Amino acid sequence: MEQSDLRNWESKCIQEETPQCVAACPLHVDARTFCSLMGQRRVDKAWQVLAKTMPLPGVLARLCDAPCKAACVRKDVGGAIEMGILERYCAENAKPVAPPRPLPSRGKSVAVLGGSMTGLCAAWEFGRRGFDVSLYCHSLGAGLDDLPHGVLERELESLRKMGVDLEESTSITAELLTSLLEEKDAVFIDSEDVPDSLLDFGEPDELTLGTRRAGVFASRTGESSSILQAAAGRRAANSIERFTQGVSMVSGRDLEGPYETRLYTNITKVEPAEPMQGEPTEVTVRDEAKRCLQCECMECVKGCEYLRHYKYYPKVYARQIYNNESIVMGTRQANKMINSCMLCGLCEAVCPEDFSVGDMCLEARNTMVEQGNMPQSAHEFALRDMGFANGEKCVLGRHAPGLTTSEYLFFPGCQLTASDPDGVTAAYADLRGRLGNVGLLLHCCGAPAEWSARRAAADEVIASIKAEWERLGSPRIIVACPTCLKSLRKGLPEAEIVSQWTLLGALGLPNGTAVDAGRLAINDPCATRHDAMAQAEVRKLLGDLHVAVAEPDYTCETTQCCGFGGLLSEANPDLGHKVAELRADSMEEDWVTYCVMCRDMIARTGKRAMHLYDLLYPRLDDPAARPAPGYSARRENRVRLKEELLRSVWNEEQDVSGELFESIEVAFTDEAATAMEKRRILKSDIQKVLLQARESGRWLVNAESGHLLASFRPVVVTYWVEFEEQGDGYLVHNTWCHRMRIKGGQP
Amino acid sequence: MSLIKVPESDVAGWKCAACNEEMVSRPVELEYLDSLFNVELPACPKCGYVLIPETLANGKMHQVEQLLEDK
Amino acid sequence: MGESAPLWETLELRAAAGETLRPGGFALTDRAADMIGVVPGWRVLDVGSGLGATVERLRSRYGAEAWGVESSVTQIERAVDSASLIPARGDALPFADQTFQAVFCECVLSLFDDSQKGIYEFCRVLKPGGYLVLADLYSTDSFAAGNGSCADRAVPLSETKAMVKKGGLTVRLVEDHSHHLRELAARLLMAGEERYCSCDRNLGYYLMIAQKEGECRAW
Numbered sequence: 001m002e003q004s005d006l007r008n009w010e011s012k013c014i015q016e017e018t019p020q021c022v023a024a025c026p027l028h029v030d031a032r033t034f035c036s037l038m039g040q041r042r043v044d045k046a047w048q049v050l051a052k053t054m055p056l057p058g059v060l061a062r063l064c065d066a067p068c069k070a071a072c073v074r075k076d077v078g079g080a081i082e083m084g085i086l087e088r089y090c091a092e093n094a095k096p097v098a099p100p101r102p103l104p105s106r107g108k109s110v111a112v113l114g115g116s117m118t119g120l121c122a123a124w125e126f127g128r129r130g131f132d133v134s135l136y137c138h139s140l141g142a143g144l145d146d147l148p149h150g151v152l153e154r155e156l157e158s159l160r161k162m163g164v165d166l167e168e169s170t171s172i173t174a175e176l177l178t179s180l181l182e183e184k185d186a187v188f189i190d191s192e193d194v195p196d197s198l199l200d201f202g203e204p205d206e207l208t209l210g211t212r213r214a215g216v217f218a219s220r221t222g223e224s225s226s227i228l229q230a231a232a233g234r235r236a237a238n239s240i241e242r243f244t245q246g247v248s249m250v251s252g253r254d255l256e257g258p259y260e261t262r263l264y265t266n267i268t269k270v271e272p273a274e275p276m277q278g279e280p281t282e283v284t285v286r287d288e289a290k291r292c293l294q295c296e297c298m299e300c301v302k303g304c305e306y307l308r309h310y311k312y313y314p315k316v317y318a319r320q321i322y323n324n325e326s327i328v329m330g331t332r333q334a335n336k337m338i339n340s341c342m343l344c345g346l347c348e349a350v351c352p353e354d355f356s357v358g359d360m361c362l363e364a365r366n367t368m369v370e371q372g373n374m375p376q377s378a379h380e381f382a383l384r385d386m387g388f389a390n391g392e393k394c395v396l397g398r399h400a401p402g403l404t405t406s407e408y409l410f411f412p413g414c415q416l417t418a419s420d421p422d423g424v425t426a427a428y429a430d431l432r433g434r435l436g437n438v439g440l441l442l443h444c445c446g447a448p449a450e451w452s453a454r455r456a457a458a459d460e461v462i463a464s465i466k467a468e469w470e471r472l473g474s475p476r477i478i479v480a481c482p483t484c485l486k487s488l489r490k491g492l493p494e495a496e497i498v499s500q501w502t503l504l505g506a507l508g509l510p511n512g513t514a515v516d517a518g519r520l521a522i523n524d525p526c527a528t529r530h531d532a533m534a535q536a537e538v539r540k541l542l543g544d545l546h547v548a549v550a551e552p553d554y555t556c557e558t559t560q561c562c563g564f565g566g567l568l569s570e571a572n573p574d575l576g577h578k579v580a581e582l583r584a585d586s587m588e589e590d591w592v593t594y595c596v597m598c599r600d601m602i603a604r605t606g607k608r609a610m611h612l613y614d615l616l617y618p619r620l621d622d623p624a625a626r627p628a629p630g631y632s633a634r635r636e637n638r639v640r641l642k643e644e645l646l647r648s649v650w651n652e653e654q655d656v657s658g659e660l661f662e663s664i665e666v667a668f669t670d671e672a673a674t675a676m677e678k679r680r681i682l683k684s685d686i687q688k689v690l691l692q693a694r695e696s697g698r699w700l701v702n703a704e705s706g707h708l709l710a711s712f713r714p715v716v717v718t719y720w721v722e723f724e725e726q727g728d729g730y731l732v733h734n735t736w737c738h739r740m741r742i743k744g745g746q747p
Numbered sequence: 001m002s003l004i005k006v007p008e009s010d011v012a013g014w015k016c017a018a019c020n021e022e023m024v025s026r027p028v029e030l031e032y033l034d035s036l037f038n039v040e041l042p043a044c045p046k047c048g049y050v051l052i053p054e055t056l057a058n059g060k061m062h063q064v065e066q067l068l069e070d071k
Numbered sequence: 001m002g003e004s005a006p007l008w009e010t011l012e013l014r015a016a017a018g019e020t021l022r023p024g025g026f027a028l029t030d031r032a033a034d035m036i037g038v039v040p041g042w043r044v045l046d047v048g049s050g051l052g053a054t055v056e057r058l059r060s061r062y063g064a065e066a067w068g069v070e071s072s073v074t075q076i077e078r079a080v081d082s083a084s085l086i087p088a089r090g091d092a093l094p095f096a097d098q099t100f101q102a103v104f105c106e107c108v109l110s111l112f113d114d115s116q117k118g119i120y121e122f123c124r125v126l127k128p129g130g131y132l133v134l135a136d137l138y139s140t141d142s143f144a145a146g147n148g149s150c151a152d153r154a155v156p157l158s159e160t161k162a163m164v165k166k167g168g169l170t171v172r173l174v175e176d177h178s179h180h181l182r183e184l185a186a187r188l189l190m191a192g193e194e195r196y197c198s199c200d201r202n203l204g205y206y207l208m209i210a211q212k213e214g215e216c217r218a219w
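Protein sequence lines correspond, in order, to chains X, R and D. The first sequence: position 285 = 285 (my numbering), numbered continuously. The second sequence: position 50 = 50 (my numbering), numbered continuously. The third sequence: position 53 = 53 (my numbering), numbered continuously.
The hints are simulated quantities; they were obtained by calculation from the structure and are not laboratory data. Keep in mind that this is a model prediction, so the values were computed, not measured. Idealized CB from N, CA, C, for every residue including glycine. Errors might be hidden in some of the hints.
Pairwise CB distance ranges, derived in the manner of DEER restraints [unchecked claim]:
| hint | chain 1 | residue 1 | chain 2 | residue 2 | range |
| --- | --- | --- | --- | --- | --- |
| 1 | D | Glu213 | R | Asp34 | 51 to 59 angstroms |
| 2 | R | Glu40 | X | Glu652 | 52 to 60 angstroms |
| 3 | X | Glu10 | R | Asp34 | 33 to 41 angstroms |
Isolated chain X, as found in the complex:
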């Protein structure tokens, strides 16, 4: 990520953009924080928020006509927050605060002519910035007659405390102006409170309030809103500050006055509530302040546990990723965060600015791999599993028996074969039965390599698929997994690829489908996010199957990933499980889905879930209760499936000369089985350890329990197995592993 990329990412995320009220306020008072505090009845603290930015707060808060109301997001959900009433209540009930402490004097002087609200506010602003300021007028507070007793006096006192020199009862003449111009560095004229004859310098510039007369600045006439008058005073102070410092009068002033903000706040779930009525009381004021929506965006975080987990939002994550990459020596803190994104596209779909955290994280993973900073253990198991699925024991590419050509090629993908091999067998038989010329290709589509940014491996997988596909005559490919559909469409653009659901839509349901599945919640796999057609086709199939479909909140284009996407559940198992749980628990009904990984992820949380195959090709009494197979079982399922199909469909016996370790008979206690799943230790790993122990004659023995303990390091991981002999084989009690190598130790 280059610095320019970082800036692009950061500016795309609007979470830190100003709320509408603050942007619309000519003084940018923090109305949001103000309402939060008033809602907690912390009136004094709320007053401090106003006093921090308002000149003459006691006066202004009572007169403010709240232009923020026109921009308030709440206006569409019951009515804008009654900011004016809240300000007045706060002014009347809060403990007064001392005026701001002026900045150190810089030896610059300015005169203010005129003492209406504009002039007084200008004087406040000058005083605050450390100018030597004198205000000349006929009478202080011209036009401010309607205030409670003492309010104006208190603010005038504050002005004096800030070092402002107030000269009342002064006659404002052209001579005064001329002499002041010689004395001071600049003069500001409150056009409402000086004789018209003085106003001979033309209309002041709207950006700077400067005039053609050097050093003379003035307010534009006709401004009746108090808050805009105060804003004019501030603008003049900004201009004169620049003028006396000799710096640009124009640059960086776009956000000085009211402006449009990009912040977006979703109000679709907000209940309308009307503004307060009647005289303000402690309770009604508090309730009114609580109506404030505390505008922020967070649209993506609302829908994604991963984004919630890391406590911030995409703008911050972009910087964390950038910082992560810049580290040359020392720990990279963000690697896990980068590897935990499901790459599912939900954030992009809901973001008003289309921020894609997935794109950002995948790019970051690419960089990590290219620079050699990708932690090996994050994806190793998944890549090994992919390698196994693409290995000799599992891969199978054939024309239908007795045929030498294929019109179609069924591509079930590596997870259906691992989780529901019988379903694959049934599906293949069905397709062959009704379409005839259907070949079979058992292979992994390479998604794990894509997700983990292992470009070379991904290209290799696609090349292998392409070779098989071409060898089989480049037939139309039927996929059963939405991720395979995505991968193959991308990797084999020249191929015609159709989903099994589309086909079944045209062919009709197979015989013997399930009846009376009742009401099911539908989980659209995240790979179907932009495939409205697939989503519609599956719903039609479910309709034909007499399933009443319940839609979750996050469905179709806004569907949530099950936790497997992007290899989250491999790189960060705890978070993956949490994601699956949240999804599973979000609906009362049992789930139905059309990606078997979604099905298994949900099933692992204990929630009942079915794959479409369970309805199309029912085999079990209660398929929703079927537990997800463990890692070792998944591998065995693939191997057995290939053997079974070759035997029953093609009448071929495979040369089952397995490896030596496969002949080791082994059973597991419950404790051992749980440890294996949690630590991703396969049955084959354990068999290798036991074989090594047997052949080397080396192991440890525990005097108390009589258990034996042995270790072996086949490649990069050392496995430990605690076991006892049982008949011809072994019973495993416990198992663990580590990557650290014992130098000079046992193999």
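Could you slot chains R and D onto chain X? The hints should help.
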């Protein structure tokens, strides 16, 4: 390189079956990703078979591996 | 009644173009002022200041000490405030050498009898490092044609660049802003002013910024 002692050496009663020897604490060199550690671990005094207990493997060792990987 | 007034002195143009009497209004003035970084304290000269709109802009918005020279007394008389406007010709500036940080010359150079002489003068009154801001019509033909209206005097850009270089200034930037010209022509057309015809044919409008680095060339 200094020797690291680990408290998780819950060796409770394991002995080397082939040599019929009790495990004793000995310095063992461990390596991962070009980093070397000199750790005192239980090993057979005769043949040198090292024991890495479960708590160590799943605990400190795992943490160190993750740290070295910047995971 | 004798010769009709030049286009830039007509009320029609003033109505269509506004007080600046040129395409784009203040857009290019501001753009150039931002780019060269006009700040309070700068002395700036507007050559051909017309009604004084640019001078006022540079004073009130940029805080600069801005002056204008204008050869037409009629225009000066029409100005709201002529305090900073001096009757003088652009090719004979009544200022000492190295007086100004910037010289603006918008939509005027093509009216000079001798533009090259004008450029020498601009360079002379510029402080070292000062900027010349030129905006004017240019001809997309390879040579100029005719005389009289501003349009007839437009020259190709290459010629202007050569003139500026010859005057001892380094060209820093040249931009095309012909869309402003088209807009003004459209407005004139709407108002029924026929002279737009000449403003349309094979003409563009440019902004050029040049800087005085070393010595000026002598005339």
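Here is how each hint holds up against the structure:
no.: 1; hint: Glu213/D to Asp34/R: 51 to 59 angstroms; in the structure: 57 angstroms, holds
no.: 2; hint: Glu40/R to Glu652/X: 52 to 60 angstroms; in the structure: 57 angstroms, holds
no.: 3; hint: Glu10/X to Asp34/R: 33 to 41 angstroms; in the structure: 35 angstroms, holds
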